[in-house]
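Novice: Sequence order for the protein chains is E and Z. Each residue of the first sequence is one higher than the one before, counting from 1 in our numbering. Each residue of the second sequence is one higher than the one before, counting from 1 in our numbering.
Simulated from the structure, these hints should not be mistaken for lab results. There's no promise every hint is true.
Said to hold, decoys possible - With a Cα cut of at most 25 angstroms, we get these calculated DSS-like pairs of lysine-lysine:
hint, chain 1, residue 1, chain 2, residue 2
1, Z, K5, Z, K22
2, E, K221, Z, K5
3, E, K210, Z, K7
4, E, K221, Z, K112
5, Z, K112, Z, K5
6, Z, K19, E, K221
7, Z, K19, Z, K112
8, E, K210, Z, K70
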Amino acid sequence: MQPDLLRAEEAIRQSDERYRKLLASVTDYIYSVRLQNGVVVETSHGPGCLSVTGYTPHEYAMDPNLWHRMVHPDDRAGVVANATEMSLGKVPPTIEHRIFHRDGSIRWVRNQRVPHYDANRQLAGYDGLVSDVTSRKEAEEKLTQTNGRLREVLASLTKSHAQLKATQMQLIEAEKLQTIGQLAAGVAHEVKNPLAILQMGLSYLVGSLKYEDGQGLMAMKEMGDAINRANTVVGNLLGFSAPEQLDLKDQEIERLIRRSLILVKHELNTAKVKVAINFASHLPSCPLDRSRIQQVFVNLFINACHAMPDGGTISVNALSHRITQQDEAGTARHSGVRFKIGDEVVIVEIADTGTGILPEHISRIFDPYFTTKARGQGTGLGLTVTKTIIDLHGGCINIGNRNEGGAIVTIILKARMKDEKR
Amino acid sequence: MKNDKPKILIIDDEVGFTKLTKLAMPDFDICEENNSTRALETARRFQPDLILLDVVMPDFDGGDVAAQIKADPALTHVPIIFLTAIVTEKETSKRDLFGGYPFISKPITPEKLAETIRSHLPVGEG
Numbered sequence: 001m002q003p004d005l006l007r008a009e010e011a012i013r014q015s016d017e018r019y020r021k022l023l024a025s026v027t028d029y030i031y032s033v034r035l036q037n038g039v040v041v042e043t044s045h046g047p048g049c050l051s052v053t054g055y056t057p058h059e060y061a062m063d064p065n066l067w068h069r070m071v072h073p074d075d076r077a078g079v080v081a082n083a084t085e086m087s088l089g090k091v092p093p094t095i096e097h098r099i100f101h102r103d104g105s106i107r108w109v110r111n112q113r114v115p116h117y118d119a120n121r122q123l124a125g126y127d128g129l130v131s132d133v134t135s136r137k138e139a140e141e142k143l144t145q146t147n148g149r150l151r152e153v154l155a156s157l158t159k160s161h162a163q164l165k166a167t168q169m170q171l172i173e174a175e176k177l178q179t180i181g182q183l184a185a186g187v188a189h190e191v192k193n194p195l196a197i198l199q200m201g202l203s204y205l206v207g208s209l210k211y212e213d214g215q216g217l218m219a220m221k222e223m224g225d226a227i228n229r230a231n232t233v234v235g236n237l238l239g240f241s242a243p244e245q246l247d248l249k250d251q252e253i254e255r256l257i258r259r260s261l262i263l264v265k266h267e268l269n270t271a272k273v274k275v276a277i278n279f280a281s282h283l284p285s286c287p288l289d290r291s292r293i294q295q296v297f298v299n300l301f302i303n304a305c306h307a308m309p310d311g312g313t314i315s316v317n318a319l320s321h322r323i324t325q326q327d328e329a330g331t332a333r334h335s336g337v338r339f340k341i342g343d344e345v346v347i348v349e350i351a352d353t354g355t356g357i358l359p360e361h362i363s364r365i366f367d368p369y370f371t372t373k374a375r376g377q378g379t380g381l382g383l384t385v386t387k388t389i390i391d392l393h394g395g396c397i398n399i400g401n402r403n404e405g406g407a408i409v410t411i412i413l414k415a416r417m418k419d420e421k422r
Numbered sequence: 001m002k003n004d005k006p007k008i009l010i011i012d013d014e015v016g017f018t019k020l021t022k023l024a025m026p027d028f029d030i031c032e033e034n035n036s037t038r039a040l041e042t043a044r045r046f047q048p049d050l051i052l053l054d055v056v057m058p059d060f061d062g063g064d065v066a067a068q069i070k071a072d073p074a075l076t077h078v079p080i081i082f083l084t085a086i087v088t089e090k091e092t093s094k095r096d097l098f099g100g101y102p103f104i105s106k107p108i109t110p111e112k113l114a115e116t117i118r119s120h121l122p123v124g125e126g
């Protein structure tokens with residue numbers, strides 16, 4: 001063979017090779033479809049169809065329904081609906097769908113079709129551009145999965161953050177309590193000593209006064225009352241004392257409530273307040289400091305009496321409950337994370353038929369020295385001490401208004417776990 | 001003439017309190033000591049039937065003074081009642097707060113203080 005001929009053949013071979021490589025890398029191709037009475041009678045696919053679909057233009061020419069069969073069954077309805085738009089005289093929007101490649105793999109294609117019509121405005125066929133978007137779709141899918149994982153991580157981080165924040169709040173609260181406790185002890189010492197001097201001096205003066213000096217005795221009595229009141233305020237301040245002072249023992253909450261009601265019997269009778277009790281049967285016991293929890297109930301019952309100057313009813317309900325996911329979110333939102341899902345708790349509700357609480361007062365109700373009572377009737381520390389005691393027990397307390405009128409206090413205390421030692 | 005009133009030593013740095021307690025409680029022979037560093041010496045000299053002892057004081061606190069008194073063979077039998085301005089009246093039943101010693105919360109009326117003292121005096125001294 002002539003050397004020139006050999007060189008020419010080699011050049012053709014190399015050119016063919018380049019063409020095949022180029023064709024294999026093509027991801028877009030044009031095609032045409034011709035219709036007769038709405039039925040596909042001829043298709044013409046550009047050479048790029050081989051790399052995108054695995055089929056040759058000739059195979060498409062021989063089988064007008066080949067494309068339709070390649071469409072993924074789940075996407076077929078969308079593809080048909082997209083084509084139907086053309087028969088209605090519209091240019092359909094670009095559609096992305098899956099096809100089966102000849103090698104069995106699934107490919108994603110973007111298909112843009114432009115219809116053309118005959119003289120009778122009947123759909124005569126359409127031209128289209130198919131683009132292989134598999135790589136982009138796979139990247140999108142990976143992105144979606146990564147996004148999903150990121151969302152999970154974010155949700156987990158958000159939950160951890162909320163828990164950390166709640167823990168931080170509890171630590172701050174504990175530190176605050178400790179600081180207030182130390183402050184209270186200091187204030188108590190500095191105030192109670194002069195009160196002790198006043199008390200002794202007053203007692204001495206009362207002993208020295210003649211019985212007929214009625215006004216003098218009355219003045220002394222007023223002074224004695226003032227000393228007692230100041231001592232009560234200091235005593236309430238000491239309610240902030242540190243948690244180690246809690247004397248936790250297994251207690252039946254029902255019994256503590258009944259004892260507290262006996263302690264306030266005089267106030268209830270004076271205020272003409274009736275008590276309606278509704279305790280669920282078989283309430284679990286709770287680890288409680290008896291005297292402090294009684295102090296809580298006494299405070300709340302006296303508050304309820306003050307809220308019903310013309311008489312009324314205090315309803316006391318107690319029930320047991322197991323904390324659910326919904327409860328956990330609620331208690332976390334309102335009072336820090338105090339309970340875990342599955343914890344058994346006792347819920348005590350104390351409702352009155354009094355005047356209720358002004359909405360603008362609700363957020364301040366537990367603040368020290370906040371009171372709505374007349375001067376001399378309340379120290380503004382009763383509910384602060386009440387909340388401190390409940391907090392020290394790891395419980396939570398909320399106060400709000402009832403729809404029917406009056407206020408309602410809800411206390412949640414952790415019950416003794418069944419496997420805990422008594 | 002022998003003074004048959006119970007002898008009470010009150011150790012408290014609050015001068016006003018000790019003075020007025022003495023005035024308000026004439027049924028007792030009260031000796032005041034306002035300096036805790038001199039408490040043991042005063043107790044040895046006065047030989048009280050009962051000691052009222054403040055908790056928070058400069059120099060020696062109530063606990064230190066109680067330990068000194070209990071370590072003295074001549075005073076070890078003398079009952080001690082702590083006087084404190086820290087705890088509330090409700091807590092005075094918790095004896096373990098002050099190492100088992102009884103304690104009372106200030107302020108207190110002379111009547112209540114007298115009643116508490118008498119309940120802790122050795123038999124025959126009240």
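Novice: Run every hint past the structure and note whether it holds.
Specialist: Comparing the hints with the structure gives:
1. K5(Z) / K22(Z): Since the Cα atoms of K5(Z) and K22(Z) sit roughly 13 angstroms apart, the hinted pair holds (cutoff 25 angstroms).
2. K221(E) / K5(Z): The given pair, whose Cα atoms are some 29 angstroms apart, is violated under the 25 angstroms limit.
3. K210(E) / K7(Z): violated (29 angstroms)
4. K221(E) / K112(Z): Holds - the C-alpha atoms of K112(Z) and K221(E) are around 17 angstroms apart, at most 25 angstroms.
5. K112(Z) / K5(Z): Distance ~18 angstroms between K112(Z) and K5(Z) Cα, so the pair holds.
6. K19(Z) / K221(E): Given pair K19(Z), K221(E) holds - Cα atoms ~22 angstroms apart, limit 25 angstroms.
7. K19(Z) / K112(Z): holds (17 angstroms)
8. K210(E) / K70(Z): violated (44 angstroms)
Going through the hint list in order, the structure does not satisfy hints 2, 3 and 8.
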